[in-house]
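Protein chains: 2
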Amino acid sequence: MLFIKLADQNVPKLDESLLSGLPPFSCLTRPQIRKILDQARSRRYEEGAEIFREGHEADRFFLLLDGYLRVVRTTPGGDQIIVLHISPGQLFGIAPALQRETYPATSIAAAESIALSWPVRLWSDFTATYEGFATESYKTLGSRLGQIQQTLTEMATQAVEKRVAAAVLRMVNQSGRKTDKGIEIAFPVTRQNISDMTGTTLHTVSRLLSAWEKAGIVESTRKHIVVTAPHQLVVISNGTD
Amino acid sequence: MLFIKLADQNVPKLDESLLSGLPPFSCLTRPQIRKILDQARSRRYEEGAEIFREGHEADRFFLLLDGYLRVVRTTPGGDQIIVLHISPGQLFGIAPALQRETYPATSIAAAESIALSWPVRLWSDFTATYEGFATESYKTLGSRLGQIQQTLTEMATQAVEKRVAAAVLRMVNQSGRKTDKGIEIAFPVTRQNISDMTGTTLHTVSRLLSAWEKAGIVESTRKHIVVTAPHQLVVISNGTD
DNA sequence: GGGGGACTTTGCTCTTCATCAAACTCGCGG
DNA sequence: CCGCGAGTTTGATGAAGAGCAAAGTCCCCC
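First to last, the protein sequences are chains W and H. UniProt numbering puts the first residue of the first sequence at 1, with every later residue one more than the last. UniProt numbering puts the first residue of the second sequence at 1, with every later residue one more than the last.
Don't take each hint at face value.
Where chains are identical, the list cannot tell them apart; a pair therefore holds if satisfied intra-copy or between any two copies.
Stated by the list, open to error - Capping the alpha-carbon separation at 16 Å, the derived lysine to aspartate or glutamate pairs in EDC-like fashion look like this: (1) K162 - E112; (2) K181 - E54; (3) K35 - E131; (4) K223 - E213; (5) K178 - E112; (6) K181 - E213; (7) K139 - D66; (8) K181 - D15; (9) K178 - D125.
Read the hints as simulated data drawn from the structure, not as lab findings. Everything numeric in this text was worked out from a predicted model, so none of it was measured.
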């Protein structure tokens, strides 16, 4: 994928097309976008790298250009759980939107990723200057809040198998790419990761995936999952047996 | 408590002091508050009454004046879980702030309650006109998001006893009132309610409370709980045994 | 090409907690 | 003052899934 256009100097310059298609910026003029880009810092993160950490000073906000992120919380006891995933085109680390001074969770690159970021003081500029930017951001926040509530209720009421099925489906919906076999989750996921999304153990997840594989619902290799019969998973997650 | 001051006519008129102390309105002048109040609808809800329901059109936003609310989500299967509690002085039902057109959860009065509300179209007026209103609202939202994430991680990683202890502590912190015996939760809570907060059953909660009562940590009667040894509960919820 | 580490699988045991069942108690309305 | 219903208590049972152990497999890096 092409993200960077080399300028005459050997300093890479970001291309306007990066932002023009994304909701938070879609109504802006080219010069506006140019200005926003010129204020941004672009950076690459390799798989497993931390973008920012829970509790640290929230001095920048981010936009994911390419890759996938996990947003994670850790308990004092060291257990961690994955609160949500971020896909390309989404804003994240937008603590400033909520008047927070620290990040409420940690972001980790689930795959090699590229993100733009801006210093937090620009947040109020952006929302004040660019019509629709604030609106879109809050919409994002709203749906994210909804997602988390959804996860919470699942966690509280559903048995492990349903939760795991729901988690897999959520990843498929967010990042599924069609293959000849079925729909593949576009970023690396370990059994451990799934257990961190569902509050169970990697053992249990492994058993479930094995069972589903036998039943012809999924195919999986290391860190990769292809869902061949999504409908079956929906059935499992609904308990509509 | 006195909330209503009767005007010359027999139409009740809301007193400015209602709002002047609350963060979202604290920087406003009296005439501004007067105007806000005049646009508000005030209403009483009895215990168990529904203020609004998940999925319904979000046509108003609210401020709780007195009482306590439970914010609840229900699964297709009929299980419900309590996402958070609202105390007096807090805004709620602020779906408009997130550009949502429907409420993401249901609000139920945990005790007899009084709330003000405004039509959703005023939201943009408020945020545009009154400096600090938006800021405060988003701060509220931010801390609420944090709370839910907190609950989620607990739910995913902690054993039942810790979760229940944490839930009781959260209620105590939010609405505890000192009594001669200890700190009392200020609104009615059933075992069932607590189990709905923690994703367990009323049986398990009952057993735990009985055990804690024997250990001298709490005293409880029907729908009411007094914590006599908060520190012990903290110990239980941390696992710092 | 051959470690070696990271990821996965699988079996077994044991705890926790949901579920079922039944009795008890409080408080309210008739 | 009685009876009913909502809330609570307690016991017994069983199943789900965590924890522990150990071996297998893939992939990356040297």
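A quick look at each hint next to the structure:
no. : hint        : verdict
1   : K162 - E112 : neither (30 Å within a copy, 37 Å between copies)
2   : K181 - E54  : neither (38 Å within a copy, 38 Å between copies)
3   : K35 - E131  : within (15 Å within a copy, 28 Å between copies)
4   : K223 - E213 : within (15 Å within a copy, 48 Å between copies)
5   : K178 - E112 : neither (20 Å within a copy, 53 Å between copies)
6   : K181 - E213 : within (13 Å within a copy, 58 Å between copies)
7   : K139 - D66  : neither (21 Å within a copy, 30 Å between copies)
8   : K181 - D15  : neither (35 Å within a copy, 67 Å between copies)
9   : K178 - D125 : neither (40 Å within a copy, 46 Å between copies)
Violated hints, listed in ascending order, are 1, 2, 5, 7, 8, 9; each of the other numbered hints is respected by the structure.
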